Amino acid sequence: MSARYSIFSLIRNALAYHEDWPAAWRSPEPKPAYDVVIVGGGGHGLATAYYLAKELGVRNVALIERGWLGGGNTGRNTTIVRSNYLWDESAALYEHSMKLWEGLSQDLNYNVMFSQRGVLSLAHNQHDLRAQSRQSNANRLGGIDSELLTPAQIKAFVPIMDLRAGGRYPVLGGALQRRGGTARHDAVAWGYARAADALGVDIIQESPVTGFRIDNGRVQGVETAKGFIQADKVGIVVAGHSGVMADLAGFRLPVTSQPLQALVSEPIKPVLDTVIMSGAVHAYISQSDKGELVIGAGADRYVGYGQRGSMQVSEDTLGAICELFPSFRRLRMMRQWGGIVDICPDASPIIGKTPVEGMFINCGWGTGGFKATPGSGWVFAQTIAHDRPHDLNAAFSLDRFRTGYIIDEHGAAGVAH
Amino acid sequence: MSQRYRLPDGGRIDRTAPLNFRFNGTALRGYVGDTLASALLSNGIHLVGRSFKYHRPRGIFSAGAEEPNALVQLGTGARSDPNMHATQVELIEGLKARSQNCWPSVDFDISAINDRLSRFMPSGFYYKTFMWPAAFWMRYEYIIRHAAGLGTAPTGRDPDYNDKTFAHCDVLVVGAGPAGLAAALSAARTGARVILVEQDAEVGGALLGLAGEKIGGKPALDWVAAARAELVESADVRILTRTTAYGYFDHNFVGLLERLTDHIVDPPAHLPRHRLWKVRAKQVVLATGAIERPLVFRDNDRPGIMLAGACQTYLNRYAVKAGQKAVLFANNDGAYATANDLAAAGVKIAAIVDTRPNPEGPHSERAESAGLPVLAGHAIVGTTGDKRVRQVRIARLNDDGSAITGEAQEVDCDLLAVSGGWNPAVHLLSQARGKIRFDEERGTFVPMQTEQATHVAGACNGSFGLASCLTEGFATGETAAKAAGLSSKSRRKKTPAASNETFLPARWTWLVPSETPLGRGGKHFVDLQSDVTAADLKLAIREGYRSIEHVKRYTTTGMGTDQGKTGNVNAIGIIADTLDRPIAEVGVTTFRPPYTPVTFGAFAGRDVDDLLDPIRKTPMHGWHERAGALFEDVGQWRRPWYYPRAGEDLHKAVAREVAAVRTSLGVVDASTLGKIDIRGKDAATFLNRIYTNAWSKLEIGKCRYGLMLGENGMVMDDGVTARLGEYQFLMTTTTGNAAAVLQHMEEFLQTEWTDLDVQLTSVTEQFATISLAGPNARRLLSEMTHDIELSPNALPHMAFTEGTVASVPARVFRISFTGEMSYEINVPASYGMAVWQAVLTAGERYDITPYGTEAMHVLRAEKGYIIVGQETDGSVTPVDLGMDWVVSKKKDFVGRRSLARPDMLKPDRKQLVGLLTDDPQVVLPEGAQLVERALPNPPMPMIGYVTSSYGSPNLGRSIALALVKGGLARKGETIFAPLADGRVVPCTMTDPVFLDPEGERLRG
Amino acid sequence: MVERYLRQSPLAHLGLDGRAQAVRGESGVAMSEQPFRGIVNLRVQPDDSEAMAALESALGFALPVEPNTTAASATALAFWLGPDEWWIVTPGPEPESGPNMAVTLRTALTDRRGAVTDVSDSRTCIRISGPRARDLLCKGMPLDLHPRVFPSGCCAQSHLAKTGVVLHLIAEDGPTFELYVLRSFAEYLWLWLEDAAREYGLTITSS
Amino acid sequence: MLLIPCPYCGERAESEFSYGGEAHIARPADPEKTSDADWADYLYTRTNTKGVYFERWMHAHGCRRWFNIARHTVSYDILAVYETGAPPPKFDTKSEV
Ligand SMILES: Cc1cc2nc3c(=O)[nH]c(=O)nc-3n(C[C@H](O)[C@H](O)[C@H](O)COP(=O)(O)OP(=O)(O)OC[C@H]3O[C@@H](n4cnc5c(N)ncnc54)[C@H](O)[C@@H]3O)c2cc1C
Ligand SMILES: NC(=O)c1ccc[n+]([C@@H]2O[C@H](COP(=O)([O-])OP(=O)(O)OC[C@H]3O[C@@H](n4cnc5c(N)ncnc54)[C@H](O)[C@@H]3O)[C@@H](O)[C@H]2O)c1
Ligand SMILES: Cc1cc2nc3c(=O)[nH]c(=O)nc-3n(C[C@H](O)[C@H](O)[C@H](O)COP(=O)(O)O)c2cc1C
Ligand SMILES: [Zn+2]
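Line order of the protein sequences matches chains A, B, C and D. Under our numbering, residues 1 to 417 are what the first sequence spells out, in order. Under our numbering, residues 10001 to 11004 are what the second sequence spells out, in order. Under our numbering, residues 20001 to 20207 are what the third sequence spells out, in order. Under our numbering, residues 30001 to 30097 are what the fourth sequence spells out, in order.
Think of the hints as simulated: they come from the structure by calculation, not from any bench. A quick note: this is a predicted structure, and the numbers were derived from the prediction, not measured. Where a beta carbon is used, it is the ideal one built from N, C-alpha and C, also for glycine. Hints should not be assumed to be uniformly reliable.
As the list claims (entries may be wrong) - Computed spacing ranges between beta-carbons, pair by pair:
{"no.": "1", "chain 1": "A", "residue 1": "P270", "chain 2": "B", "residue 2": "T10841", "range": "55 to 61 angstroms"}
{"no.": "2", "chain 1": "D", "residue 1": "D30030", "chain 2": "C", "residue 2": "A20053", "range": "16 to 22 angstroms"}
{"no.": "3", "chain 1": "A", "residue 1": "E206", "chain 2": "B", "residue 2": "A10017", "range": "57 to 63 angstroms"}
{"no.": "4", "chain 1": "D", "residue 1": "E30083", "chain 2": "B", "residue 2": "K10494", "range": "37 to 43 angstroms"}
{"no.": "5", "chain 1": "A", "residue 1": "P270", "chain 2": "C", "residue 2": "E20066", "range": "55 to 61 angstroms"}
{"no.": "6", "chain 1": "A", "residue 1": "L56", "chain 2": "B", "residue 2": "P10941", "range": "51 to 57 angstroms"}
{"no.": "7", "chain 1": "C", "residue 1": "R20004", "chain 2": "B", "residue 2": "H10786", "range": "15 to 21 angstroms"}
{"no.": "8", "chain 1": "C", "residue 1": "E20066", "chain 2": "D", "residue 2": "Y30019", "range": "26 to 32 angstroms"}
{"no.": "9", "chain 1": "C", "residue 1": "P20091", "chain 2": "B", "residue 2": "R10157", "range": "43 to 49 angstroms"}
{"no.": "10", "chain 1": "D", "residue 1": "E30083", "chain 2": "C", "residue 2": "L20191", "range": "38 to 44 angstroms"}
{"no.": "11", "chain 1": "D", "residue 1": "P30005", "chain 2": "B", "residue 2": "E10648", "range": "56 to 62 angstroms"}
To be verified - Examples of chain B residues toward chain A, derived with CB under 8 angstroms:
{"no.": "12", "residue": "D10081"}
{"no.": "13", "residue": "T10516"}
{"no.": "14", "residue": "R10520"}
{"no.": "15", "residue": "R10901"}
{"no.": "16", "residue": "R10970"}
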């Protein structure tokens, strides 16, 4: 039976009581050695493995995941995808990713439900408006779609939103990226896993990497729960655990791991068909295809590996949501959870070489790396295969913290005067 | 219908208080004390809703918080609540409820076609299709979205309001069943501060639904009443009913949701609807009981199929027979108690089907001696009945229970009560990081270890006998109080006697076999709400989704509003069997808050609308409002933006305000500027380290502009600081950064430079600041003071003095942000309004004009002064701003080292320039991007952007400031701004100072 | 001469006297503004015994060194705010002639390490009393205010809803609390408290 | 909402505090002589331990003093509190994998 998914294979299998579906990916025992070992089976690691195999012909690849695929931030994010970033370097990288998203389901033969329903960020004061104008103009000239909306246009676009926002944070404008939207997070991990597996990548789950063997400054392989695995090159893509891996490899990173949380409401019939983000009141919201409102909350400020968040963060976030959408006040939270986000001082990722030869790192995506999954995997694969960064990620080196070339995506700093 | 399933007597309902309500439009009756579910059942209604995916008819399945099926929409319009558990909704007069997820009606639902097509919709089918043509996904998605979801959102602003509160206690007891009541009693007897929470309207827990239980020889509910009375009498005990402990967070912080008015027909306006309690407990006792588990057999989802314990509760607590002719299906002794009670109430017991070949236990013995028909070693292998179960098929099991043997027999019934065992409600324990383990004997997960100050008692601890619930309850209450630092004062009372019967031993069966292979006939539901079947679980595993977490996400089992309270353990059992791994290895999915759904509004509490966040107001705010100012938010402050006169828009008003300052006199409320009093022998040394420029030599009575960097070398703040004395300075900061600057400086003082004698005190709010600017500033001020010498020699630009203004003690700073002669007058804040008004009155003859932030920004831009946060964004150094003049080359200061990093020295950094459009009438939008050469189409390389841009009335043309790559060296060159409307505006880079570069005006 | 009547408290514009009648029902709490307290922020090293002694003789009582406590004389009240920080609060407006508190303390401190800063105008004081006063405060404050933990005479800095406050329990009888709040936040805090007290019934009294 | 023991005011709710990141990161004594790499370390590099972590907090809605705590970053248990400038207490601070 063909492993290809289609309406025909679905019908064929239905007639066979679905007893013949092949596994989406194998669960092989690791081989003693690989050309490349990818550590971390989140979206970024899986995408890296896939593009190594697909675009660069590197197929003797193992991907090693401590738990279950997608169990890190890939499985816990609010799924917002957009590419309208501020700095040229970031915009180019995220836009590359956006283009990959636009054909991803077909490329992977796995429906990742990429839904270009638009992402609207709100401006609540003059400072926000100025920052949005700067960003929107930069995006437009950079070839990324972006529209500035007036309050009246916003009202028409999202009628249930209260532009007064309690009177405290009136909505004065917004920036809309229509090509932005959401994707089904788990499907992204599974789709990449299935496609990578089909190209020969060995996906090893439930097997934490516990150490690295390094000789003369060059990586030899990884120690795992399933034994030592030799590797010419090692790519580390473990998000919240980047610091831990760096520690094992003997270097340090400018990254802190913090708990970021999200929550969903009970499922309801469609009420919100776009994504709304507000920096000032600090909340973002969309409605999933299953009907829950998916709401992103803030991060706890402290270092935390607990994959949980604290109550005051939900208070703040839901307070904000209740102002923007007063009709949601009676809706109810069904589940809340947290992820460990790896935050860089400039809120931009690190993608490139490490002080250890043959070892590469991709981390620091913090609160916003889901949207970058395809692009990040793509450039990281290029970087590993060619032993040097691709043009798109050259600026995102670890060295930038030494030279001072920071790519500050915190948005413009505090308001003054 | 007239409650024909109501028993003539018994139960805890108030028969003297009948109620009218409507379900799907039909008028029905019930009693005070009913839930919506019990009232529906009393009227013979089982069919309540339709399932999520297949739209199968579904009925009332449980009698509590675990309900997966009977979700209804309450109310209409803005006061409407989707997905409410009919089993928890207290019946009130006039209640209106309707079924969800069905159209046109729950009886005839078009989408029930999905059930016919279910074969084509196994778990994850959408991942495999809807991909062609690619552009069609958005259309497919539209259909999928509209098919999904359950209830509907309210349609307007919530008319009710909510509340929040903190609370503290020694012992928080969750659950007021026998174990929780006992724990609360023994803790309270030590004098501990106790909070007892119970989600139900009444205390008593499982005892409320049982008949014939005895405690201390008397009816159990008498003991409950006595316990409650004792607790109510105890000082420092708070009983919160209708309150759910929804989440257990770090450091023994527990979230509760109290529902204050949902059970009141016309709630008084002063009462909040819901209250979120944020409890810090020294110790927590979890006595949350256990949840009954169903059995997974073919077509186990029809209305009329119900948990055995729930049948018993409906019977005993609500005096409702859930049917006339019952079949019971169990793998343990529990269901026999239900059978006995049902039989006693006159319900015909058609069969008790027990998977155990040799039933044993007290309840089954009683049933057998009562002559109830028991089919041991049998199982139900199918059911029929569309909107209500009509018949069951029963067959004998083989020895190991893995298959059926022989012919199935059919038995008619209108009620099927099932019991597959009990799952301790370990949710909160697990949220608190406590560990659980799988207990083979009890066939479920039980608490193993706590990680916080947590204790567990009763059924929640896997102790199912009433006697052990009581014993454990009393013991944990006392232990917890002791751990909280209290000791038992009164003599310990004896634990009252009770029976300790349980339903064990049992025969654990995760998946009941049926006549056809799994997936080839009928459906074995594991998760009733999400329509997940045993075949779905097996399919997921077949497809490689082997981790329990993958199975959950691929099939959505346990992801509904009930979060798998009844279904999850069965799912785990089936997965374990399929993988042939021990259950302990398969593990559980993560328990997350909330235990049951919590209203969004409760999290907001009263911090909504005007109280969402503080708006800070200056002492003169009221004046600005009366003067018709429009306001701008700057941080938490609300500042006058401009003061339009009739017919004026922003531009006209600002042009007038700006002109007034340059020609005569303007006044601005600058009270929001941060002010920090800096005192100590090392104050000057400290400023040397904090600011980029030097401070030691500043004379007393003089002011200086200072620039502050972060340690990363980027501009963080600026402002003028005055030397008030040898050891005293007054620093001003920007409005938005006041708190951050104080914290930044305190941090260095307390953690790096601990040897410095410097004390910082914020005096931002001590003073109101009135800033006069314009050629007539001195003239006016001299009229308002008799003790301040204002001559240019006595008080030159950048000098400071003290005296009185309008007879109020004042500090006067001759500093300027506008480029005009200007005085900043600080008076004690309480006098701010008075002095402001005095200034306005005295200034009339100069046509004094109040101006807002917008005019201020224009004025300073004409002078090329930067605004931190507008010309800077956290990535701009003083060198980039062309402000090396304020950067000392001689001393170290915070951020200095960073300026020497390789990228800081590059010539192509973005640098501040003035920008003049070739056409003087064109005002560039702020945020416009700049290019070397405009290309016909994007992308095109950008070299910078406009940070500030205004029409300048004084210059009679537009002016702008911009950050441009290498700009400092490129003045005079032309670049372009391609705008959103298609225009490409050529402009020339210039010096940023447009007006009075010599500064003559401000020296005056 | 300073025209004292020109002073305006941060809550003056709410017309609290007028509001008093507006609120009806049983009175679980009573609130009033106590404006124009004299407040001096004092920084001194507690191990500088000479300075502490000088301050003690200037004040007529020793500064409290137990965390979260106050000490008082007939004319002044000292709040412990931190290991080297106190407030000296005087009940009414500063006297117009004669030494005011800031001057007195500054003189006592001489040139020793420390600081004396008048912050009277930066705050106002809200008094809250009544059987539900504790419940009202608990709605916004994370402090444990149980009498066993926070007895009469205690003070603490914390936050109430979204603004910082200094809280003082002046008497268990009532009980009666006082809250000091920055003036720019005063209106917000007052309205918040009024709203939160709705449930208990509120009486507003003039100071 | 953590319960943080301020060494000066006693146990208080987390919402009264602000977080100051890793403790014991000393400002280089002579920044001019510090290499770019070491300066970057001071500015940006953090141990980010999964396990016992030494970190700084400031009692913002309280005494406004900075102090240090040792906290386990998985359990969030607070194991020690000590004043700024004091040496860190002895704990095994290796990251868990
Ligand atoms: C609540 C929340 C909301 C978010 N919202 C958005 C959003 O709306 N949009 C957006 O773009 N981004 C969002 N993000 C960020 C986004 O989720 C992440 O940036 C992105 O998913 C990171 O993907 P990853 O593959 O790098 O990391 P992960 O998915 O975390 O994968 C890392 C993997 O490494 C594994 N690993 C760790 N240690 C080891 C070891 N020793 N050996 C082997 N494997 C190991 C982990 O188990 C994990 O599976 C959000 C994040 C969170 C937490
Ligand atoms: N026959 C059996 O084997 C068997 C099995 C299970 C239970 N039982 C009986 O049930 C009783 C168990 O006593 P118990 O006290 O341990 O449990 P219980 O079920 O009587 O009481 C638990 C109480 O906790 C409440 N609760 C649960 N979670 C809550 C939350 N998050 N917030 C607020 N309230 C919450 C419930 O509403 C319930 O009232 C005993 O009488 C026992 O014999 C018997
Ligand atoms: C976009 C999105 C939607 C989700 N929707 C649901 C949902 O409908 N029901 C549910 O129980 N959980 C939902 N979750 C939460 C997951 O159940 C789970 O909490 C999350 O993946 C984190 O994993 P953990 O809780 O197992 O640690 C959703 C998560 C995400 C990221
Ligand atoms: Zn403190």
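*Would the hint on B:R10901 stand, with a C-beta cut-off of 8 angstroms toward chain A?*
With a minimum Cβ separation of about 4 angstroms from chain A (threshold 8 angstroms), the hint on B:R10901 holds.
_Quick check on a hinted range of 51 to 57 angstroms for A:L56 and B:P10941, using CB atoms only._
With a Cβ separation near 29 angstroms, A:L56 and B:P10941 fall outside 51 to 57 angstroms, so the hint is violated.
*Mind checking the CB of B:R10970 against every CB in chain A and telling me if the closest is under 8 angstroms?*
Violated - the Cβ of B:R10970 stays beyond 8 angstroms from chain A, reaching only about 19 angstroms at its closest.
*Do the beta carbons of D:P30005 and B:E10648 sit within 56 to 62 angstroms of each other?*
Distance hint for D:P30005, B:E10648 holds at roughly 57 angstroms.
_Range first: 55 to 61 angstroms. Now tell me if the beta carbons of A:P270 and C:E20066 are that far apart._
With a Cβ separation near 60 angstroms, A:P270 and C:E20066 satisfy 55 to 61 angstroms, so the hint holds.
*asked:* Verify the CB-CB distance for D:D30030 and C:A20053 against the hinted window 16 to 22 angstroms.
replied: 41 angstroms, violated
*Interface hint compliance - B:D10081 to chain A, C-beta minimum distance less than 8 angstroms*: Given a least distance of 5 angstroms, the restraint on B:D10081 holds.
_Is 37 to 43 angstroms respected by the C-beta to C-beta distance linking D:E30083 and B:K10494?_
This hint is violated: roughly 51 angstroms between Cβ atoms.
_Just to be sure I understand the hint, the distance between the Cβ atoms of A:P270 and B:T10841 should be within 55 to 61 angstroms; is that true here?_
Given range 55 to 61 angstroms: holds, Cβ gap about 60 angstroms.
*Take a look at whether the Cβ-Cβ distance between C:R20004 and B:H10786 falls inside 15 to 21 angstroms.*
19 angstroms Cβ-Cβ, so the 15 to 21 angstroms window holds.
*If you take the shortest Cβ to Cβ gap from B:R10520 to chain A, is it below 8 angstroms?*
5 angstroms, holds
_Hint check, B:T10516 versus chain A [nearest Cβ-Cβ separation less than 8 angstroms]_ = At about 10 angstroms, which exceeds the 8 angstroms cut-off, the nearest Cβ of chain A leaves the hint on B:T10516 violated.
Hint violations for this structure: numbers 2, 4, 6, 13, 16, all remaining hints satisfied.
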